[in-house]
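Visitor: So you can see what is in the structure, the chains are spelled out below.
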Amino acid sequence: MSQPLLKVDSLSKLFPVNRGLFRKPVDFVHAVDGVSFEIGPGESLGLVGESGCGKSTTGRMLTRLMEATSGQILLADNGSLVDVAHINREGMRTFRRRVQMIFQDPYESMNPRRTIYDTVAEPLTVQKLGTVVEREVKVAALLKLVGLTPPETFMFRYPHELSGGQRQRVAIARALVIDPSFVVADEPTSMLDVSIRISIMDLMLNLGSELGVSYLYITHDLAVARYMCDRIAVMNLGKIVEIADSEELLANPLHPYTKALLSAVPVPDPAIKRAPVEIKGGIGKAINPPSTCRFLERCPMATDICHQLDHPPLEDKGNGHYVACHLVDVGAA
Amino acid sequence: MTQNGRPLLEVDGLVMRYQTKKGEVSAIENVSFTLHQGESLGLVGESGCGKTSIAMSLMGLAAENARYHAGEIRLDGENLLALDENAMRKRRWKSISMVFQGAMNSWNPVYRVGDQIREAIDLHFNPRLSEAASKDRMVRLFEMVGLNPSMLSRYPHEFSGGMRQRAVIAMALSCDPKLIIADEPTTALDVIVQDQILKELKKIQDQLGMSLIYISHDIAVIAEVTDTIGVMYAGKLVEYGTTLEVFHRPRHPYSYLLLSSTPSITGPRRKLAPLEGEPPNLLDPPTGCRFHPRCPFATEQCVVQEPPLEDLGGGHKVACWNWEKVPVTIGASA
Chain A
1 MSQPLLKVDS LSKLFPVNRG LFRKPVDFVH AVDGVSFEIG PGESLGLVGE SGCGKSTTGR
61 MLTRLMEATS GQILLADNGS LVDVAHINRE GMRTFRRRVQ MIFQDPYESM NPRRTIYDTV
121 AEPLTVQKLG TVVEREVKVA ALLKLVGLTP PETFMFRYPH ELSGGQRQRV AIARALVIDP
181 SFVVADEPTS MLDVSIRISI MDLMLNLGSE LGVSYLYITH DLAVARYMCD RIAVMNLGKI
241 VEIADSEELL ANPLHPYTKA LLSAVPVPDP AIKRAPVEIK GGIGKAINPP STCRFLERCP
301 MATDICHQLD HPPLEDKGNG HYVACHLVDV GAA
Chain B
1 MTQNGRPLLE VDGLVMRYQT KKGEVSAIEN VSFTLHQGES LGLVGESGCG KTSIAMSLMG
61 LAAENARYHA GEIRLDGENL LALDENAMRK RRWKSISMVF QGAMNSWNPV YRVGDQIREA
121 IDLHFNPRLS EAASKDRMVR LFEMVGLNPS MLSRYPHEFS GGMRQRAVIA MALSCDPKLI
181 IADEPTTALD VIVQDQILKE LKKIQDQLGM SLIYISHDIA VIAEVTDTIG VMYAGKLVEY
241 GTTLEVFHRP RHPYSYLLLS STPSITGPRR KLAPLEGEPP NLLDPPTGCR FHPRCPFATE
301 QCVVQEPPLE DLGGGHKVAC WNWEKVPVTI GASA
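Listed in order, the protein sequences are those of chains A and B. Each residue of the first sequence is one higher than the last, beginning at 1 in this note's numbering. Each residue of the second sequence is one higher than the last, beginning at 1 in this note's numbering.
If you are wondering where the hints come from, they were derived from the structure by calculation, not from laboratory data. Among the hints, erroneous ones may be present.
What the hints assert, rightly or not - List time: in silico DSS-like cross-link candidates among lysine-lysine, alpha-carbon distance up to 25 Å: (1) Lys271/B to Lys144/A; (2) Lys202/B to Lys259/A; (3) Lys203/B to Lys135/B; (4) Lys199/B to Lys259/A; (5) Lys203/B to Lys280/A; (6) Lys273/A to Lys203/B; (7) Lys178/B to Lys90/B; (8) Lys199/B to Lys273/A; (9) Lys94/B to Lys280/A; (10) Lys135/B to Lys178/B; (11) Lys273/A to Lys90/B; (12) Lys7/A to Lys317/A; (13) Lys94/B to Lys135/B; (14) Lys259/A to Lys317/A; (15) Lys178/B to Lys199/B; (16) Lys273/A to Lys271/B; (17) Lys280/A to Lys202/B; (18) Lys203/B to Lys259/A.
My request is simple: use the sequences and hints to build the entire structure.
Guide: So, in structure tokens, the structure goes:
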């Protein structure tokens with residue numbers, strides 16, 4: 001990949017547990033633990049894993065809705081990479097012009113007392129962009145772009161008057177109204193009806209390529225990630241275990257966790273029998289985890305090496321296929 | 001699946017509407033299907049299509065404002081809709097039981113899980129089981145759903161999501177029902193846990209020879225657990241047939257589009273065909289065929305005349321005037 005738009009380096013988030021009033025916390029949940037990846041301009045990266053694996057926390061750190069404990073978030077700015085993990089208030093405003101978020105729940109992510117116009121125009125108002133007339137033109141254009149036509153009939157309605165799918169379109173319009181270069185989408189279609197999902201996904205795909213937006217697409221659904229994303233990163237207990245091009249990952253998964261996840265996805269064809277899933281379900285919490293591989297406890301293939309060595313680093317096995325496993329030989333991919 | 005003899009369950013011309021301030025919501029509109037002993041039926045459709053209303057009607061748990069305008073629900077020949085609450089309570093859990101969506105809300109947080117299951121057993125066994133017999137029964141149930149029997153003396157919050165759902169299944173099995181209704185039992189769960197629960201459910205169903213109605217919006221899950229499938233749209237059953245037949249040769253445009261708009265991790269990566277528009281408002285459902293405003297094959301006739309559920313042969317039924325226009329291969333036209 002040439003110059004990335006976003007480069008995440010050893011990003012971590014620790015949450016203290018059992019914190020007493022006057023005591024220093026001693027135990028930490030390692031929600032995100034040394035995660036590194038890159039996203040190119042216009043690229044969409046899927047972040048996939050079970051609930052509690054740290055994928056939403058990663059997304060929240062990238063949008064700066066949550067402070068990172070350590071690590072760097074580098075965002076391309078006029079040809080150079082600038083660390084945005086520790087910027088001040090003023091820097092934050094410029095940052096928000098570049099990075100936006102689409103949330104999971106279209107019922108909770110909008111102020112019920114504000115009209116659709118207010119909601120979509122909010123980023124412009126905050127950023128003090130354009131005159132009132134210009135804002136109205138821009139909002140109308142965006143509503144049209146997301147398929148809420150004619151825009152005049154939607155602008156002055158309230159969220160409760162819209163369906164879930166329409167609200168998610170509003171959320172997309174709100175995220176894109178200030179022309180961001182990077183959007184974090186956290187399960188944007190999981191609350192929607194099946195028949196609506198594809199049109200929302202198509203909308204995001206089309207707008208992404210039209211406007212040159214990069215996505216971090218967070219989902220638990222591998223089939224959705226395949227449809228939406230150029231590359232997929234698989235997360236388990238705060239660690240990325242595998243990253244590869246979507247088709248490569250599905251056709252040739254290397255990490256035992258990825259293999260298990262893939263074999264657990266139901267197939268919409270009654271004639272196909274899936275391979276049995278080899279690992280136990282139910283993800284734990286990484287509270288002060290040992291230094292060995294995070295997947296060790298659930299891994300069906302673990303050997304002595306895995307018990308002795310530290311968590312394996314994410315290594316390139318060729319073709320941009322990265323995997324973090326002691327048991328995958330170089331060249332075996 | 002073809003079987004002889006009287007079916008276990010017959011839903012016959014059921015019409016149910018909710019009375020609301022804004023008017024009548026037509027939730028179930030002339031729905032009929034049958035279910036034999038040991039058969040598993042999948043009901044698939046979007047939220048608001050009436051699948052949960054059907055489940056609640058079968059359980060006799062429909063909301064206060066539900067009114068039955070026509071039809072019968074016969075279990076072993078007995079019309080459940082004619083029963084009073086007392087008689088229905090005796091059949092609930094014993095004859096028909098249900099695994100609800102959202103396992104957390106199915107449990108009372110302040111009682112031990114074992115005590116809650118024992119309550120169901122105590123209520124429904126006549127003569128009542130002895131302490132030891134019901135304990136023994138619960139241990140077997142927990143083993144059957146893959147839980148450690150020591151968990152019986154734990155409280156719901158000590159269970160993980162998947163364990164809670166397993167316990168709900170144990171509860172549903174506690175009184176040897178003939179029919180289990182599972183309403184989106186795995187929707188809130190991760191895929192790996194979902195896979196285990198589905199396997200468990202299938203295995204138990206085979207072992208005990210129960211009938212199963214599996215309700216989901218996820219057609220991939222339906223494909224894996226059911227023999228027969230009913231596709232619902234806006235309160236109507238629009239297609240019905242063996243799962244294999246409906247998945248491989250969907251004849252209703254809605255089923256076809258639903259299948260072509262489902263992303264999969266297998267097969268070639270293809271452009272999916274989106275379903276345009278949104279589900280209708282059932283306070284004022286569309287005239288004629290309820291799917292016509294979103295249907296790419298709709299004609300004049302669809303707007304004015306309601307298509308009947310017709311048998312195309314082999315028990316594959318479809319309610320569409322233009323089923324012949326629906327492409328035979330999924331994704332071909334996409």
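Visitor: Compare the structure with each hint and give your call.
Guide: For each hint, the structure was consulted:
Only pairs whose Cα atoms come within 25 Å are accepted, and Lys271/B paired with Lys144/A is accepted, the gap being roughly 23 Å. Restraint check for Lys202/B and Lys259/A: satisfied, since their Cα atoms lie roughly 23 Å apart, inside the 25 Å limit. As the CA atoms of Lys203/B and Lys135/B are separated by approximately 23 Å, the hinted pair is consistent with the 25 Å bound. A distance of roughly 18 Å separates the Cα atoms of Lys199/B and Lys259/A; the hinted pair therefore holds under the 25 Å criterion.
Under the criterion of a C-alpha separation no larger than 25 Å, the hint pairing Lys203/B with Lys280/A is consistent with the structure, at around 17 Å. The suggested pairing of Lys273/A with Lys203/B holds, with an alpha-carbon distance near 15 Å, which does not exceed 25 Å. Under the criterion of a C-alpha separation no larger than 25 Å, the hint pairing Lys178/B with Lys90/B is consistent with the structure, at around 14 Å. In summary, the hint linking Lys199/B to Lys273/A is supported, as the alpha carbons are separated by about 12 Å, within the 25 Å threshold.
For a cut-off of 25 Å, the pair hint linking Lys94/B to Lys280/A is broken: about 32 Å separates their Cα positions. With a C-alpha separation of about 22 Å, the suggested pairing of Lys135/B with Lys178/B holds against the 25 Å cut-off. Of the pairs offered as hints, the one joining Lys273/A and Lys90/B is violated, with about 39 Å between alpha carbons and a cut-off of 25 Å exceeded. For the given pair, Lys7/A sits about 20 Å from Lys317/A by alpha-carbon distance, which is consistent with the 25 Å threshold.
A distance of roughly 18 Å separates the Cα atoms of Lys94/B and Lys135/B; the hinted pair therefore holds under the 25 Å criterion. A distance of roughly 16 Å separates the Cα atoms of Lys259/A and Lys317/A; the hinted pair therefore holds under the 25 Å criterion. Proximity of Lys178/B to Lys199/B is assessed by CA-CA distance (about 19 Å); at most 25 Å being required, the pair is judged to hold. Distance hint between Lys273/A and Lys271/B is fulfilled; the C-alpha atoms sit about 24 Å from each other, no more than 25 Å.
About 18 Å separates the Cα atoms of Lys280/A and Lys202/B, which keeps this hinted pair within 25 Å; it holds. Proposed proximity of Lys203/B and Lys259/A is supported: the alpha carbons are some 24 Å apart, at most 25 Å.
Hint check: violations occur at hints 9, 11; the rest are consistent with the structure.
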